[in-house]
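Residue numbers (the numbering used here), protein chains in the order written: chain A, 1 to 839; chain B, 840 to 1130; chain C, 1131 to 1322.
Accuracy of the hints is not assured; some may be wrong.
Facing chain C, according to a computed beta carbon distance under 8 Å, are these residues of chain A, among others [unchecked claim]:
1. Asn24
2. Arg259
3. Ser352
4. Ala370
5. Thr424
For lysine-lysine, the following DSS-like pairs were computed, each having C-alpha atoms within a straight-line distance of at most 30 Å [stated by the list, open to error]:
6. A:Lys474 / A:Lys485
7. A:Lys301 / C:Lys1281
8. A:Lys485 / A:Lys335
9. B:Lys1049 / A:Lys194
10. C:Lys1237 / A:Lys390
11. A:Lys474 / C:Lys1266
12. A:Lys364 / A:Lys692
13. A:Lys364 / A:Lys474
14. A:Lys510 / C:Lys1196
15. A:Lys199 / B:Lys1037
Honestly, the hints are just simulated from the structure, not real lab data.
For glycine and all other residues, C-beta sits at the position ideal for the given N, C-alpha and C.
Chain residues, written in single-letter form:
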Amino acid sequence: MTNGWVDIKNADMMLIMGGNPAENHPCGFKWAIEAKRQRNARMIVVDPRFTRTAATADLFVQIRAGSDIAFLGGMVNYAIANGRVAKEYLANYTNAAFLIPEGFALPEEGLYSGFNTETRSYDRSSWNYEAGGKVTGTGDTHGPAAKAGAPAALPADVAYDPALEHPRCVYQLLKKHYSRYTPEMVERITGIPKDQFLKAAEMYTSIRKDGDMSRVGTVIYAVGWTHHSFGTQIIRTAAILQLLMGNVGRAGGGVNALRGHSNIQGATDVAGIFDNLPGYIKVPTPADGNFEGWMARITPKPSKPKEWDSFNYWSNTPRFAVSLMKSMYGEAAKKENGWAYDYLPKVDREYSWVHIFDDMLRGKVKGLIAFGMNSVAIGPNSSKNIDALKKADFLVVCDIYPEETSDFWRAPGITAEETRQIKTEVYRLPGAGFAEKDGTFVNSARWLQWKWAAVPTPGDARLDQAVLAGIFLKVRELYRTEGGKFPDPILNLTWNYTVPGNPPLEEVAKELNGRALGEVEDKASGAVVKAGQQLPGFAMLRDDGSTACGNWIWCGSWTEAGALTKRRDPADPSGLGIHPNWAWSWPMNRRVLYNRASCDVSGKPWDKTRAQVWWNEAQKKWVGNDVPDFKPDSQPKDHMGPFIMNPDGVGRLFGPLAAFADGPFPEFYEPIESPIANPLHPQQSSNPVVKKYTTPMDKYGTAAEGYNIICTTYRLTEHYHYWTKNNPMNVQLVPEPFVEVPAELADEMGIRGGEKVKVSSVRATYIAKAMVTKRIKPMVVDGKKMYQIGIPIHFGYRGIQEDAGKTARTLTNLLSPTVTDPNSYTPEFKGFLVKLEKA
Amino acid sequence: MSNGPLQIKAVSGQAGTPPGQGASRDYDVCKLIDVTTCIGCKACEVACVEWNGYPFRETVFDNTYQTMPDLAWNYYNLIRFNEHTTPEGEFQWLFRKDGCLHCADPGCLRACPAEGAIVQYSNGIVDFQQEYCIGCQYCVTGCPFNIPKFNPETKKVHKCTLCSDRVGAGLEPACIKACPTGCLHFGSKDDMLDLAEKRAAQLREHTSHKNAGVYNPAGVGGTHVMYVLHDIENPEAYGGLPKDPRIPLLVKIWKGPLKWLGNLAMTAGIVGVAVHYLRFGPKKTEGGEDK
Amino acid sequence: MVASRRSFIRTGAGVIAASILGFDVRPAYAQAKELKIARTTETRSTCPYCSVSCGVIIHTLGDKAKNVTAQVVHVEGDPDHPINRGTLCPKGSSLMQDIMNERRLLKPQVRRPGSDKWEDIGWDQAYDEIARHIKKTRDEGFIETDAQGRKVNRCESIAWNGGCTDTNEFNYLVVKTMRSLGLCYVENQARV
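If we strip away everything but chain A, and leave its shape as in the complex, we get (with noise of 0.2 Å):
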């Protein structure tokens, strides 16, 4: 989330979409309500089902799912051309001004310009900001086109219109790319009717009317927008959105994305996905050659109109990898050996979720470790999974409940004599359940909050750190009196816990937050940290190995006034939910990212009356109520852009090089699986550069086949993924799985509630009952008739229901492709295509 929980209670306006919130979120879900109750804010709720989210909405409109493009560019179609956008907002916080070079081409065909019809994927270099200076109207630049084939980079020196007018500037590139997107097609692609989508329309933009900028709207999203082949451009259609109507950074504003766990915030935070380091550090390739080639690469400069000024925070990536290898490896990460770089391995290809099984099924991958994860039953095609795992000759589980993972060689359907036939050595290893761990977790609104253990592991289960540990000493013992391949990572891997078979996660806390190595001094403020002190934060670190940090994001968390995460103080002196001695967020307890642009260019609060910072013109230094996300001392008239991540300061209408992989704006796709061709441009229907998956496991269904209906797949309220089987209060609230069928579907194919129906992709069949409903109305898509159907996900062959033999024993994602995201490697659990027939 951009903003937090508590934040959404400022909004004015909510869009809720691609999420559930009431039914996934429900504690976080009452400050939407109490925004209703208390400021009469509306709420527009757009989702393939009538949800308990749309019972409270004020505007509920169904849409077919994996057409949200094509709605949210409809929207950014009508705030353009109604004018509900926030101009001087738009001019300065964004790059609506910058200039793109000719040569660069919207994809009016479905293809931007520099496609690779072999390789499947674009030569980005087109999608570049122009060199030059300020121009006005249609004049010329001062700068050079970029040249094809040059080495891709942004330009120190960005042309820019500040009129917007200029048919070259992003601005004006935005409004011809989503002109397309009008009502009609809107109502063409997603299946709601014009009207609707234009009351839809009317309401959210409401807000920026003649250009009044003190009112704030907000988008909620979760999973419906990344459980998708092009989710990435979903959530940006939504930023581009935001930003034009200058919501990003305000209080009750921003794009809040709901994340489903309690803690996968963290585990992104912390890097526990393949290409990342700690802190968002991107991955070594084996072309970055030594850690200096590394930096270079990841180390962007700024870009931006001369006259602008550009705080380009990862200007400070060495930083940040230096003291990260310096917590890693200690002594053994020298200067002179490149900081360890050589420990790291080097990655240049995709190593996410589903190549796991990919790779495993291909005889790659061999041993598989999970901890608190169920990948089968997580899937997608988890028959797939489950074939994968079968040529694996290890498995490791450590985990609460017995799962559909370790259990796999007796998933239904595999006889006692294919169970002889797998190979697989499992270890099922009881580990620990939330109450008896401590430790913290990072929440949707970046808040680390510190949990105490209240109760002891029971029988013989363990911490899981005690686990882990427990095995790596034991590995490190093997390459330590036997030797092996390449043990230096792994012999000298920092470990000084005071119970190295159980670390303390206090000792692991402050060792994230990171400590000096060496005096370190701050040259601004004169502050001077010593050695084996605790950092106060991340403008401490240094890349000459004097400090020592896990994870950068994180420094702060923990400094020698103890563990902010632990504090409990829920005042909230300025009443906009901030409570800013409640816990601790990243980064440096600022509340709102990008809490600059909640003023305006001279600094002053868009809104008075939900004042977040500003500048103090005699203090010469931005001030507040949140802590300002921004360099502190810059003036106004400076004109730093608020979004100090990015290179060029700025919003990004435009992704500009390789921000992306499919595209510099979000252009509508159609899912993998999709009942009609693209009605923007039918000969390039999906996203051109998804790639699909080729082991005999991979199927992927037609409406030509029969696979005629749309099939989405979610959680419910009373449930908890795959864990709340094991827990009789849930089961007893919802004991089984069943399918959501339009009353409509019903009726024509003689389905009562109650009876069991049969839902086939082309990869497996799934039999549940159906629950007849009519908050699944059909839709006319592109001038078809169609239907959808949706399945709750939370069942499988292990749990309380199951082992009784009162329930199916299917996992519901027997039915769903292995199909990614090229952006964010997450698979299309939604919108894929299924038979329905009376089982």
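The hints should help you fit chains B and C onto chain A, whose structure is shown.
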């Protein structure tokens, strides 16, 4: 909410002034359910079962999100789910937390012949005291909302206590505390009436719910659990909330003009029980009974 | 509260009146139940489910003295928490059933190749065997240089899959250990 033990205002099956009445008068308490902000999440159901420590029931899928068809002796609190289309054609998914309304004039208490089995505290909570319940189920007949539920194993009747144990200790009821959206409120009856009226007015003024109103039916003397409804003219749409609930006439007569007769009958009944006891000894307690 | 004499008399009269019919109503003064959290130890924790991260209070019997094993009797929302303000959803409200759950895994087990059952295994033996698997697989599949002769030092034959309720500190230990083994397949619920 009060400090110290709750004071009793009325006791079932009992003649004369209730003991303790007037000793202390805490303000009337009230639960307000704003169904327009209810998300049907069932947190209140779970909080209720968890607090009361009741055993789980086996449920079956019944073509609805509703946990079970009706309240149960160990399930005091049930969200009723209804798909509804208004006369204007607007589709609504209505959620209503069903449970005891703690009537100011409780039909159950009026109907109950067992001394002390149903008490009404001075703060308005109507509470069943199972140790005095004789299992006659007259309270079920007396209730216009079909709330009390009989446990056939223990032969006792149960219903929402408004967490009288928590309220007595200065806490709010468990469902109130859990409710994620704050559609449940708890406070004095006056405060809740005020809040409810303001919310209904806000809905009428700022949303499409021009018939929003407060459900606090006069037929039972008003209630200590009230609703804000999108459409006060159509409470039946919310899973059978009666538009004009009244205590059954028979119950009124039974505990009104004929009260002396009832007491006489009760006395006769007790004498009968005593005779029975003398002849056959104490009744064997069945297994599984809560003690 | 101090009962006034007048109320005492009235109460006494009520009891006497009731007694005429042969009842003793005094027990009706008592609360139906004693407050079950009146004497518990409260521990602040965070709900393990969604990303709202509601504050929860775990009520345990026993004061955490060394010789006592705490027993969870109730879980409720933390009223001080700025986000949930004491509220909990149906999953959070049922956390006690997650903590006190008879389905919990309580001992390490192994399923041998070709076997159709779980067998118990000691922790130390499990660590030994898993470490041996990891070393063998890593040593056999370790890639020092790629096809172009560039140093890559990666182990592509082992994958890590992290869960959604792993703490930050645990996850950092994962990054440290798995990256030092050369793993590229370091993935998490965060991806899907």
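Against the structure, the hints:
no., hint, result
1, Asn24, "holds, 6 Å"
2, Arg259, "holds, 4 Å"
3, Ser352, "holds, 6 Å"
4, Ala370, "holds, 4 Å"
5, Thr424, "holds, 7 Å"
6, A:Lys474 / A:Lys485, "holds, 16 Å"
7, A:Lys301 / C:Lys1281, "holds, 27 Å"
8, A:Lys485 / A:Lys335, "holds, 24 Å"
9, B:Lys1049 / A:Lys194, "holds, 26 Å"
10, C:Lys1237 / A:Lys390, "holds, 24 Å"
11, A:Lys474 / C:Lys1266, "holds, 13 Å"
12, A:Lys364 / A:Lys692, "holds, 19 Å"
13, A:Lys364 / A:Lys474, "holds, 24 Å"
14, A:Lys510 / C:Lys1196, "holds, 26 Å"
15, A:Lys199 / B:Lys1037, "holds, 28 Å"
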